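**Q** The primary structure of each chain is shown beneath.
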Amino acid sequence: MTPELTALALAGILQAAQFAALSVLANLEVGTKKTASPRDRQKLGGSLEDLLSVRTARLNRALSNHFEALILFTLAVTVVTLSGQASGFTAACGWIYLGARLLYVPAYYFGLSPWRSLIWFVGFLATLAMIVTALL
Amino acid sequence: MLTDELSILLLYGMIVAVVLGLKTTGMMAQFDMGYLLSARDEPRELPKMIARLDRALWNSVTALALVTPPILAITLHDQSSSGSLVAAQVFVLCRLAYFPAYLFGITGLRTALWLAGFLATFALYFLAL
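Taken in order, these protein sequences are the chains called L and D. Its first residue numbered 1, the first sequence is counted upward by one per residue in my numbering. Its first residue numbered 1001, the second sequence is counted upward by one per residue in my numbering.
Same shape as in the complex, but just chain D:
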């Protein structure tokens, strides 16, 4: 059965995939296809906005790697509760808002969103254990 927490995990995976698609599209607009299709042996500096998207994406990969285990554990052990659902919802909302916060350089908010997402992940571990 697709639990609410699993749906949220899937939703977040899709969001990350879409942002990855955005970054790829942005790079296609900024660099010539010859360079993009090559093995990119000489690194080129990314334009400011794409570099921010790149850093936000790497941060999201870390967040995704950390949040997947507790959600799977909660689902496998039927430990889903209103608490775990709220934690998962807080996680996905913060991580979603993290992208524009990073992209538009909103100092403070970006860090606060990261921290809230991180704490929500910790809450999920706590609930799973």
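Excised from the complex, chain L in its bound form:
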């Protein structure tokens, strides 16, 4: 198990934890009757996201954002690993990504500006650096 793969596995756990936190809060706020329904807009009077409190809605956006980031990171890690190009640099990129995505959640939740955007950018750059290193 390379460090990059460990970071990827932990990022998967982070994603699951983000999902669990959102799920618990959303069920508490909106009620299981609405969350377990097919969530038809006509019945709910809009999208389920609009019924969430400000901070829980932020967790929802942070989760969606991590989906996007994770698909690119998964690609970068697996290709670096399979093509035998893992190095100290790519391992560092993996840990930087994980750290950034971990910090991104509280930064979003507490609305820390401009830190949320900066943290996002660090995670994005770490992923891009891995991809470019593997292609070169």
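Keep in mind that the hints were calculated from the coordinates and are not lab data. Hints may be right or wrong, so weigh each one.
To be verified - Calculated from the model, a selection of chain L residues having no Cβ within reach of chain D, i.e. all distances over 10 Å:
1. Pro3
2. Leu25
3. Lys33
4. Leu51
5. Gly84
6. Leu103
7. Val122
Unchecked claim - Label-pair ranges, simulated between beta-carbon atoms:
8. Arg55(L) with Leu1093(D): 42 to 50 Å
9. Ser1081(D) with Asn27(L): 47 to 55 Å
10. Phe1126(D) with Thr32(L): 38 to 46 Å
11. Leu44(L) with Ser1007(D): 40 to 48 Å
12. Gln1079(D) with Ser47(L): 30 to 38 Å
13. Thr1025(D) with Arg39(L): 32 to 40 Å
14. Leu118(L) with His1077(D): 38 to 46 Å
15. Gly1083(D) with Ala9(L): 27 to 35 Å
16. Glu1045(D) with Gly88(L): 41 to 49 Å
17. Gly1083(D) with Gly12(L): 28 to 36 Å
18. Gly99(L) with Trp1058(D): 24 to 32 Å
19. Leu118(L) with Gln1030(D): 18 to 26 Å
20. Asp1041(D) with Phe121(L): 15 to 23 Å
Bear in mind that the values here come from a model prediction, so they are computed numbers and not experimental data. Yeah, the Cβ is synthetic: ideal placement off N, Cα and C, and Gly gets one too.
Based on these hints, arrange chain D on the given structure of chain L.
**A** Just chain D, lined up with the frame of chain L:
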């Protein structure tokens, strides 16, 4: 070893990352930094072109999630063939052309490109299995 299919996967990942960068740049030009750096609690409507880029990006994330498994399976099992290479090439070319087709609203072509990319993904699954 970096197989051709893996290179194509990386290339596509980089293309998606670059388009994501373009969208971010576009948003910086359209919205004030105060809003962008905030938690964006009140949603604002995206201008037409950026909204198209946004939708194209989400579609690409789905495409990327679906195409990664067969390419990894083909590489791990040394099943790389001229067929899998062609399928991967068709995939990346269609998905690359998908962005301008969406951005400039070329009806029909966008859907045809999406379908060709989707079928190429299916071909990769078929070859992997």
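**Q** Decide, hint by hint, whether the structure agrees.
**A** Hint by hint, here is what the structure shows:
The beta carbon of proline 3(L) sits about 19 Å from the closest Cβ of chain D, which is more than 10 Å, so the claim that it is off the interface holds. Residue placement check: leucine 25(L) keeps its beta carbon more than 10 Å from all beta carbons of chain D (closest about 16 Å). Every CB of chain D is more than 10 Å from the CB of lysine 33(L) (nearest about 25 Å), matching its label as outside the interface. The claim that leucine 51(L) is not at the interface with chain D holds, since no C-beta of that chain comes within 10 Å of its own (minimum 14 Å).
Against the 10 Å criterion, glycine 84(L) falls within the reach of chain D, whose nearest CB is about 7 Å from its own CB. At roughly 15 Å from the closest C-beta of chain D, the C-beta of leucine 103(L) stays outside 10 Å, upholding its exclusion from the interface. For valine 122(L), the shortest C-beta to C-beta distance to chain D comes to about 14 Å, beyond the 10 Å cut-off, and the non-interface label holds. A hinted range of 42 to 50 Å for the beta carbons of arginine 55(L) and leucine 1093(D) is consistent with their spacing of about 43 Å.
Remark: the range hint 47 to 55 Å for serine 1081(D) to asparagine 27(L) is upheld by a beta-carbon distance near 48 Å. For phenylalanine 1126(D) paired with threonine 32(L), a C-beta distance near 41 Å keeps the hint of 38 to 46 Å intact. For the pair leucine 44(L) and serine 1007(D), the supplied restraint of 40 to 48 Å holds, since their beta-carbon distance comes to about 46 Å. A C-beta distance of roughly 43 Å is found between glutamine 1079(D) and serine 47(L), which places it outside the suggested range of 30 to 38 Å.
At roughly 34 Å, the beta-carbon separation of threonine 1025(D) and arginine 39(L) lies within the given 32 to 40 Å, and the hint holds. At about 41 Å, the CB distance of leucine 118(L) to histidine 1077(D) agrees with the hint of 38 to 46 Å. The supplied range of 27 to 35 Å is met by glycine 1083(D) and alanine 9(L), whose beta-carbon atoms lie about 32 Å from each other. Roughly 45 Å separates the CB atoms of glutamate 1045(D) and glycine 88(L), a value that falls within the hinted 41 to 49 Å.
A hinted range of 28 to 36 Å for the beta carbons of glycine 1083(D) and glycine 12(L) is consistent with their spacing of about 32 Å. Checking the proposed 24 to 32 Å range against glycine 99(L) and tryptophan 1058(D) shows it holds: the Cβ atoms sit about 26 Å from each other. Take leucine 118(L) and glutamine 1030(D): their Cβ atoms lie about 20 Å apart, and the range 18 to 26 Å holds. Evaluation of the 15 to 23 Å hint for aspartate 1041(D) and phenylalanine 121(L) yields a pass: the beta carbon distance comes to about 21 Å.
Checked against the numbered hints above, the structure breaks hints 5 and 12 and satisfies the rest.
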